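Undergrad: Mapped onto the working numbering, the consecutive letters of the sequence shown carry residue numbers 211 to 545.
Among the hints, erroneous ones may be present.
Said to hold, decoys possible - As a list, the in silico DSSO-like pairs of lysine-lysine whose alpha-carbon atoms are at most 30 Å apart:
| id | residue 1 | residue 2 |
| --- | --- | --- |
| 1 | Lys-335 | Lys-312 |
| 2 | Lys-312 | Lys-296 |
| 3 | Lys-442 | Lys-296 |
Keep in mind the hints are simulated off the structure, nothing from the lab.
Every value quoted in this text rests on a predicted model; they were computed, and no experiment measured them.
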Amino acid sequence: MADAGGKSHTLWMETHSVPLRDAMGTVTSMLSVARDVGARKQAERDREQLHGQLLIASRQAGMAEIATSVLHNVGNVLNSVNVSAKIIRDRARSSRQTGLLKASEMIRANADDLVHLFTQDPRGKQLPEYLHQLSVTLQTEREQIESEVTQLLSGVEHIIEIVRLQQTCASNSTLRVKINPVQIMEEAVRVNLIAMDRHHITVHSEFQDTGTLLLDQHKILQVLVNLLANAKQALSGVQTQNRQIWLSVGLDPSGERIIFAVRDNGCGISPENLPCVFRQGFTTRAEGHGFGLHSAINAATEMGGALTAHSAGMGQGATFTLSIPATRVQIRDAA
């Protein structure tokens with residue numbers, strides 16, 4: 211229909227009609243009632259538009275949470291990778307390889323009379339023992355650098371896996387491998403080892419030999435790295451000589467679940483804050499972001515597990531426990 215200005219617009223009407231009959235039952239007329247429902251139609255369009263905006267906002271919020279989780283977990287591992295890279299660089303700079311070059315130059319300069327060099331020259335007479343000691347030193351350097359390179363590559367592999375896990379998180383898929391759970395805890399300790407040494411933290415362990423299980427290694431590692439980093443931060447206010455962390459790995463009494471526990475004697479958690487520790491953005495530290503524990507509980511849930519926190523109160527330390535299904539590796543009978 212057209213309005214007073216000649217512009218057309220749609221008019222939404224809702225009509226109801228009933229027939230009117232005479233005494234013989236013959237329809238003689240129709241009674242129709244029409245009602246303008248334009249306002250309702252507009253409200254429905256507004257609601258659909260708002261729903262679309264909410265979907266976009268929800269998706270963007272989810273993407274932001276994933277990005278934050280990736281950055282936080284990658285940042286934890288990058289600390290270890292950075293330390294390993296610096297150690298490799300420093301050991302390469304201070305290598306005794308230059309001593310080998312000088313010794314070889316001395317031998318080359320006396321190539322025409324090596325007998326005199328090794329029997330009469332005071333420096334030459336010391337060369338055999340010097341070369342032996344140098345070879346031992348270079349072998350030690352090589353082993354140390356290889357160890358740090360292995361640690362660095364392990365950290366890089368974990369970073370790649372963190373990104374891969376987040377890329378597939380929409381389907382909650384898991385990649386389980388055959389591994390002893392104690393190995394995962396030990397790897398988490400290695401990631402945090404430099405920081406623990408720097409803060410003079412003593413680590414106690416009680417590991418049960420559970421055998422090989424089918425576990426999502428990198429998700430568990432992600433959780434444990436966050437728990438250890440959290441425990442380290444909780445010890446910042448404790449006297450240096452008394453900073454301690456207790457780690458345990460074992461099966462629950464039913465044998466159906468594997469239990470990882472991280473306990474510290476740090477600042478503890480107040481009763482009012484305990485229910486909030488896994489909430490995104492919650493933190494009691496000025497420099498904290500509240501992403502680590504939130505990311506950890508999400509990973510635990512994705513594995514069909516649970517992550518819990520316990521503390522007797524401020525100054526009483528805290529215990530975080532990860533519980534996940536323990537799927538045993540099926541061993542086929544020999545034919």
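Undergrad: Out of the numbered hints, which ones does the structure contradict?
TA: Checked against the structure, no hint fails, so every one of them is satisfied.
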